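Can you build the whole structure from these sequences, using the hints too?
Protein chains in written order, with the working numbering: chain G, 241 to 494; chain L, 12 to 441.
Simulated from the structure, these hints should not be mistaken for lab results. Keep in mind that this is a model prediction, so the values were computed, not measured. The beta carbon of each residue, even a glycine, is placed where N, CA and C say it ideally should be. One thing to keep in mind: the hints can contain errors.
[Said to hold, decoys possible] Quick list of simulated restraints, FRET-style, between CB atoms:
{"hint": "1", "chain 1": "L", "residue 1": "T208", "chain 2": "G", "residue 2": "A320", "range": "55 to 61 Å"}
{"hint": "2", "chain 1": "L", "residue 1": "I214", "chain 2": "G", "residue 2": "D401", "range": "39 to 45 Å"}
{"hint": "3", "chain 1": "G", "residue 1": "D466", "chain 2": "L", "residue 2": "V113", "range": "53 to 59 Å"}
{"hint": "4", "chain 1": "G", "residue 1": "E483", "chain 2": "L", "residue 2": "F52", "range": "28 to 34 Å"}
{"hint": "5", "chain 1": "L", "residue 1": "I46", "chain 2": "G", "residue 2": "E373", "range": "46 to 52 Å"}
{"hint": "6", "chain 1": "L", "residue 1": "N299", "chain 2": "G", "residue 2": "K287", "range": "31 to 37 Å"}
{"hint": "7", "chain 1": "G", "residue 1": "D466", "chain 2": "L", "residue 2": "F278", "range": "57 to 63 Å"}
{"hint": "8", "chain 1": "L", "residue 1": "D350", "chain 2": "G", "residue 2": "E483", "range": "43 to 49 Å"}
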Amino acid sequence: MSYPIIICEDNQSQLNMLQGIVENYIMFHGEHFRLGLKSQNPDEVLKYISNYKPNGGIYFLDYDLSHNLTGIDLAEKIRASDVQAKIIFITTHGEVAPKTLKRRVEPLAFIDKNQHFDEFKAEIASSLSVAQERIANANAIQGKNFSFKVGSQIYNIKLDDILFFEPSEIPHRLVLLTKNAKFEFYGKLSEVEKTNLGLYRISRYCIVNPENITLIDYKTRDVYFDKKINRRFSLGKGKKLKEIIANKGMNLDY
Amino acid sequence: MFQISSKVFLVNLLTELIIYFIFFSSIIGKRKKDILIRNIFLIVLNFFSTVLIYDIYEFIPTILLIISIYFMYRESNPDYYLMNTVLISRIIFDFATIAVRVIILPFIINLKVLNIFIISSENMIVLIILIVVSYFYRKSNLGNIISGRNYTLSIFSVYILIILESFFYFGKRTGTTNTIILGFSIFLLLQLIFIITIFIIQIENSKMRARRELIDNQLSNLQYYTDELEQNQRELNKFRHDHTNMMLALKSSYIDGTINLAMIEDFDRYSSKYFEGEIVDSMGDLLNIDDPLIKGFLFMKLVQMKHDKIDYEFECKTTISKSNIETHDMIRILGNSIDYAVQEITRMGTGKVEIFIYQNSEEQEFLIENPHMKNELDIDYYIEEGNTSRKGHSGFGLSNVKEISEKYGNLFVQYSATEKFSTRIMIIMK
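In structure tokens, the structure reads:
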């Protein structure tokens with residue numbers, strides 16, 4: 241399967257230059273890529289995604305398209321249609337607000353058009369490599385994430401990072417503790433249980449990821465995730481915990 | 012005065028303890044320690060203590076009950092939330108007991124001895140009342156009012172409890188419990204109205220104090236604004252003067268034919284230096300914030316960082332409207348998060364504070380990031396009260412953020428510690 245590359249740049253000579261660089265990359269590295277569309281007009285890009293509904297396309301967009309649609313507007317429409325899109329902005333230094341842009345459309349990269357040609361070419365190639373890597377990773381970890389939403393933000397947390405879920409002090413909310421982060425979102429432990437990710441409910445108040453348990457103390461009925469984090473399991477859950485840990489080939493008796 | 016047999020007394024004592032602990036467990040909320048095992052232990056402890064010492068001094072079992080629960084469930088020092096919950100639960104329990112006795116008194120007034128059936132019925136009605144109270148207690152989120160470091164509430168609660176226990180004590184000693192119960196209930200109600208009025212006045216006073224503090228802060232922020240604007244105006248005047256001279260020089264050189272690239276590059280460098288001023292850029296972004304108090308506060312923080320030579324980045328390209336979060340609380344949350352970031356930068360001696368503010372149709376987001384030294388301590392450890400990566404520092408800041416965020420159902424605070432430590436404050440707008 242090959243992923244389409246779409247280029248949208250209002251300046252004809254820059255558009256041709258970008259096309260040349262991309263086609264050169266595809267010739268040497270990109271059996272996974274093909275040039276889907278090059279255009280000066282963002283409306284043609286919208287027509288393309290409406291007709292072909294690409295999934296995981298790579299989009300090189302000029303920031304300023306000399307059109308009533310700006311690069312960001314176009315990127316938002318692309319993102320709405322192609323959720324896995326890899327968006328790369330071609331910009332003039334200083335014209336972007338990087339964090340705001342990232343928040344709105346999650347671009348893969350910003351590439352400064354005013355730099356030396358060789359550096360410009362190298363950055364295009366580098367962004368295509370990164371896009372390729374991310375596509376490969378996305379395929380590998382399909383279904384191994386826990387997702388939740390806060391406002392319009394969707395969080396995809398890798399299962400490997402999850403330690404446990406427990407109710408928050410605020411009603412109807414859950415706390416998710418991972419190896420490096422702490423999240424809160426509206427949800428129920430019963431819904432987490434149904435996700436079928438290999439998580440285990442150790443008590444009324446806690447669902448754990450057994451893969452990240454480092455120690456089990458059967459006397460105090462505590463499971464440890466590192467020296468400082470532990471949670472209590474209920475009477476009767478110890479036996480099942482032992483089974484789960486044994487099946488995973490871990491030896492955590494204390 | 013009614014009489015009961017020893018057997019009925021013991022059954023009643025045990026039943027009352029069980030009912031009380033059911034009620035207490037339903038309103039205390041989630042605790043880190045195992046509630047069921049501890050409750051069983053406390054019931055047994057208090058049962059035998061009461062049996063042994065009740066005849067010596069009737070106050071002692073209540074005092075012992077409160078102390079034993081406090082030490083068994085304590086999670087911080089002092090744990091005001093626990094203390095207030097214990098006292099209030101005991102007060103509500105005593106009230107329920109008195110209310111039930113007042114209700115059934117007309118039906119049992121002619122009896123001399125109360126049998127197990129009557130005592131059990133009384134306890135059943137008390138239990139039902141407490142279940143209903145517990146439901147409304149949790150629904151109205153009364154726990155949040157109690158969760159503040161509110162020692163005033165503790166004092167008022169102790170006062171009410173002393174009155175209640177005094178009633179039980181004197182009533183039993185003089186054998187006039189049934190006679191005075193109605194009059195006492197009215198007296199108690201009046202006391203309660205008085206206490207609640209004082210409490211409300213106290214809350215209003217502290218709100219007024221907070222408002223005054225905000226106004227003082229606003230005035231001080233205004234001072235910062237004025238000073239900085241005056242400085243900017245002076246720099247602009249100087250730039251205007253220099254710019255005019257340089258343009259004149261360039262024009263003459265062009266006419267003379269002596270103009271060269273170096274002169275133009277000098278002019279470009281001089282102009283760029285003026286426009287690269289961080290405060291100029293930040294002030295531009297601050298204009299997007301609608302709430303003048305938050306705008307002023309952030310401006311002050313940026314100026315402080317500039318004066319303390321703390322490197323920072325500030326971006327706010329979308330309009331930030333006023334939300335339902337009280338300005339006072341929002342300022343505390345932002346202040347604590349920024350202060351934590353600044354502390355870390357100061358400690359590490361390098362890095363910058365990154366502040367990003369954004370709003371779309373669904374939410375507002377305030378993101379504060381700073382570099383940090385990865386270590387083995389977990390996120391929970393940092394944000395619990397009293398913990399910090401620094402020795403000799405109270406680490407109080409982020410626990411305040413946690414406390415405030417628990418007041419609002421649409422406020423979320425997410426933490427992450429990977430290459431950077433980030434505090435992400437999200438306010439859901441709808």
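Hint by hint, which ones does the structure fall short of?
none
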